[in-house]
Amino acid sequence: MRGTRALAAVALVALAVVPWVAARHQLSLLTDLLIYGLFALSLDLIMGYTGMVSFGHAAYFGLGAYASALVLIHFAQPVPVALLAGALLAGAVALPVGWFSTRATGIYFAMLTLAFAQFLYTVAYKWRDLTGGSDGIAGVPKTALFWGGPSLASPQAFYALVAACVVLSLVLCRAVVRSPFGHALEAIRENERRFMSLGRDPRPFKLAVFVIAAVFAGLAGALFAPFRGFASPEVMFWVFSGQGLMMVIMGGIGTLVGPILGAMVFILIQEVLSSYTEHWMILTGVVFVLMVIFLPDGLVGTARRLRARV
Amino acid sequence: MTALLETRGLGRAFGALQAVAGVSLAVEPGEVRAVIGPNGAGKTTLFHLISGLLAPTSGRVLFRGDDVTALPAPARCRRGISRTFQITSIFPELSVLENVRIAVQLRSGGNFRLVGGRATLEATEQRARASLGSLGLLGRAEEPASTLPHGDQRLLEIAMAVAQEPELLLLDEPTQGLSPEDTVATVAVIRQVARERKLTIILVEHDMDVVFDLADRISVLHFGQLIAEGTPDQIRANADVQRAYLGGAE
Numbered sequence: 001m002r003g004t005r006a007l008a009a010v011a012l013v014a015l016a017v018v019p020w021v022a023a024r025h026q027l028s029l030l031t032d033l034l035i036y037g038l039f040a041l042s043l044d045l046i047m048g049y050t051g052m053v054s055f056g057h058a059a060y061f062g063l064g065a066y067a068s069a070l071v072l073i074h075f076a077q078p079v080p081v082a083l084l085a086g087a088l089l090a091g092a093v094a095l096p097v098g099w100f101s102t103r104a105t106g107i108y109f110a111m112l113t114l115a116f117a118q119f120l121y122t123v124a125y126k127w128r129d130l131t132g133g134s135d136g137i138a139g140v141p142k143t144a145l146f147w148g149g150p151s152l153a154s155p156q157a158f159y160a161l162v163a164a165c166v167v168l169s170l171v172l173c174r175a176v177v178r179s180p181f182g183h184a185l186e187a188i189r190e191n192e193r194r195f196m197s198l199g200r201d202p203r204p205f206k207l208a209v210f211v212i213a214a215v216f217a218g219l220a221g222a223l224f225a226p227f228r229g230f231a232s233p234e235v236m237f238w239v240f241s242g243q244g245l246m247m248v249i250m251g252g253i254g255t256l257v258g259p260i261l262g263a264m265v266f267i268l269i270q271e272v273l274s275s276y277t278e279h280w281m282i283l284t285g286v287v288f289v290l291m292v293i294f295l296p297d298g299l300v301g302t303a304r305r306l307r308a309r310v
Numbered sequence: 001m002t003a004l005l006e007t008r009g010l011g012r013a014f015g016a017l018q019a020v021a022g023v024s025l026a027v028e029p030g031e032v033r034a035v036i037g038p039n040g041a042g043k044t045t046l047f048h049l050i051s052g053l054l055a056p057t058s059g060r061v062l063f064r065g066d067d068v069t070a071l072p073a074p075a076r077c078r079r080g081i082s083r084t085f086q087i088t089s090i091f092p093e094l095s096v097l098e099n100v101r102i103a104v105q106l107r108s109g110g111n112f113r114l115v116g117g118r119a120t121l122e123a124t125e126q127r128a129r130a131s132l133g134s135l136g137l138l139g140r141a142e143e144p145a146s147t148l149p150h151g152d153q154r155l156l157e158i159a160m161a162v163a164q165e166p167e168l169l170l171l172d173e174p175t176q177g178l179s180p181e182d183t184v185a186t187v188a189v190i191r192q193v194a195r196e197r198k199l200t201i202i203l204v205e206h207d208m209d210v211v212f213d214l215a216d217r218i219s220v221l222h223f224g225q226l227i228a229e230g231t232p233d234q235i236r237a238n239a240d241v242q243r244a245y246l247g248g249a250e
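Here the protein sequences line up with chains A and B, keeping their order.
Counting along the first sequence from 1, when you hit position 64 you're at 64 in my numbering, and nothing is skipped either side.
Counting along the second sequence from 1, when you hit position 218 you're at 218 in my numbering, and nothing is skipped either side.
Check the hints yourself; a few may be wrong.
[As the list claims (entries may be wrong)] Here are a few chain B residues that sit away from chain A, every Cβ distance over 10 Å (derived from the structure):
1) E93
2) R101
3) G139
4) Q192
5) D216
6) N238
[To be verified] Pulled a few chain A residues facing chain B out of the computed Cβ check, cut under 10 Å:
7) D135
8) S179
9) N191
Hints were generated in silico from the structure; no laboratory data involved.
Values in this document were obtained by computation on a predicted structure and should not be read as measured data.
A virtual CB, placed ideally from N, CA and C, is assigned to each residue, including glycine.
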């Protein structure tokens with residue numbers, strides 16, 4: 001445990017120091033990585049801790065991105081207002097979707113989440129007046145931190161906001177999984193029928209964590225829109241949901257920190273490979289297959305196992 | 001004296017197959033009741049009907065005089081019916097202690113707090129440890145449940161049920177797959193826990209030594225129907241039972 005604490009301290013110091021040492025494009029890349037990391041972190045709550053594999057998690061990232069973009073463009077509010085709007089919209093939509101989807105388990109749950117996500121994608125694609133259709137919404141501004149407060153337009157300032165959001169989210173998610181509620185989630189993952197015969201209906205728990213995960217995914221999306229300056233239907237597409245699953249698996253299912261690292265590795269592999277070849281997707285697939293075969297517990301899961309052996 | 005558990009004409013059909021048919025039985029408080037019968041006699045189905053995992057197609061289930069037929073499994077458990085499964089059913093990746101603690105929390109209710117719930121974890125831990133102590137598993141409390149040997153996993157399941165402080169405990173073949181030595185030890189532990197905690201137990205079991213050793217009364221199922229009921233001596237002497245079961249299958 002002391003080792004973990006030391007690692008966490010090093011990571012925090014590194015996050016704090018980076019803006020002063022990194023070049024502009026490096027800082028921008030790191031901001032991107034952190035946003036994807038937050039998305040993967042939120043997916044781990046339902047996938048890793050509750051055993052619910054969602055194929056539609058991108059929908060909540062996308063809802064967050066659109067809500068954030070619309071608030072920033074039409075109302076010129078500070079960024080945190082947009083973040084709140086994104087997280088709330090994602091959570092609000094996840095409530096009915098989760099209510100239906102958690103009636104099913106396993107592959108049927110996955111298919112329901114996929115169907116709802118593709119439906120939302122189609123809405124984003126077709127509702128041109130609101131969402132700009134396939135062009136999406138461009139020119140999303142990085143406004144201020146609060147009314148009359150400092151601007152977040154500089155890469156350093158926005159990086160700081162994103163880093164703070166990700167660290168805070170990680171702390172909150174850790175509190176969730178370590179609470180009695182979180183213990184119940186793990187028990188549901190392990191043996192749902194046993195859970196039921198011990199006195200509780202698992203569905204309210206599953207619905208609650210589904211909504212919580214959507215809120216964090218929405219937050220990630222709400223950071224994405226002003227950072228990249230746009231929101232477009234691609235961020236709601238099922239491919240992005242699938243990439244989320246890959247990020248979680250590569251980093252380590254049920255480790256919280258792992259999926260953040262997994263997202264970073266996943267995006268970095270893409271960055272590096274795509275600068276050499278246009279067939280980078282094939283190579284990404286090969287890397288993923290090798291990792292699943294040789295590091296089935298993911299980066300963090302494997303590291304923990306090795307340390308436990310020492 | 002009113003029965004703790006009563007079934008009235010309880011039945012369950014799976015399509016054309018009548019797995020349980022018109023079973024009426026009454027179990028008194030403090031009694032250890034064994035349900036025996038050949039494979040496929042409907043014993044496990046009867047357990048599912050009593051615990052609520054299956055809904056009956058006919059008849060009623062009464063617990064402490066209340067009709068609980070319409071209640072789903074979780075609600076029946078909260079009223080005081082805890083059970084174990086024929087095929088060991090635990091939370092394999094969680095620690096032994098965590099398995100039991102979850103069981104305690106699920107019964108006592110209201111303490112799955114997201115915020116500020118850590119204190120309730122400590123409170124439930126006391127009860128969990130007491131139950132593990134009763135079943136002799138305290139020494140392995142911190143180990144993942146999946147690393148326990150089979151016999152200890154069976155005991156863990158009983159510990160989870162006992163920790164819920166039920167009034168009625170349903171044990172589905174508690175000695176299934178155990179060595180003769182483990183069987184003897186398990187029977188001793190069950191008897192001791194039942195006495196200490198004044199539990200009413202219904203037990204499905206294939207091992208006749210276990211049944212005659214533990215049970216106050218025995219109910220015999222055959223093709224889903226109750227064909228005999230009585231004390232161990234009466235059942236031993238019953239000609240129908242001899243024909244259907246004791247002389248035949250084993």
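Each hint tested on the structure:
1. Its beta-carbon lying about 6 Å from the closest one in chain A, E93 (chain B) breaks the requirement of being farther than 10 Å from that chain.
2. Non-interface status of R101 (chain B) relative to chain A is broken: a Cβ of that chain comes within 10 Å, the nearest being about 7 Å off.
3. With a cut of 10 Å on Cβ distances, G139 (chain B) stays outside the contact zone with chain A, its closest approach being about 20 Å.
4. The beta carbon of Q192 (chain B) is kept farther than 10 Å from every beta carbon of chain A, the shortest such distance being approximately 23 Å.
5. Every CB of chain A is more than 10 Å from the CB of D216 (chain B) (nearest about 25 Å), matching its label as outside the interface.
6. The Cβ of N238 (chain B) lies farther than 10 Å from every Cβ of chain A, with a closest approach of about 33 Å, so its non-interface assignment holds.
7. About 40 Å separates the beta-carbon of D135 (chain A) from the nearest beta-carbon of chain B, more than 10 Å, and the hint is not met.
8. Interface restraint check for S179 (chain A): the shortest CB-CB distance to chain B comes to about 5 Å, inside 10 Å, so the restraint holds.
9. At about 5 Å, the closest approach between the beta carbon of N191 (chain A) and any beta carbon in chain B falls short of 10 Å, and the interface hint on this residue holds.
This entry does not satisfy hints 1, 2, 7, going by the numbered hints stated previously.
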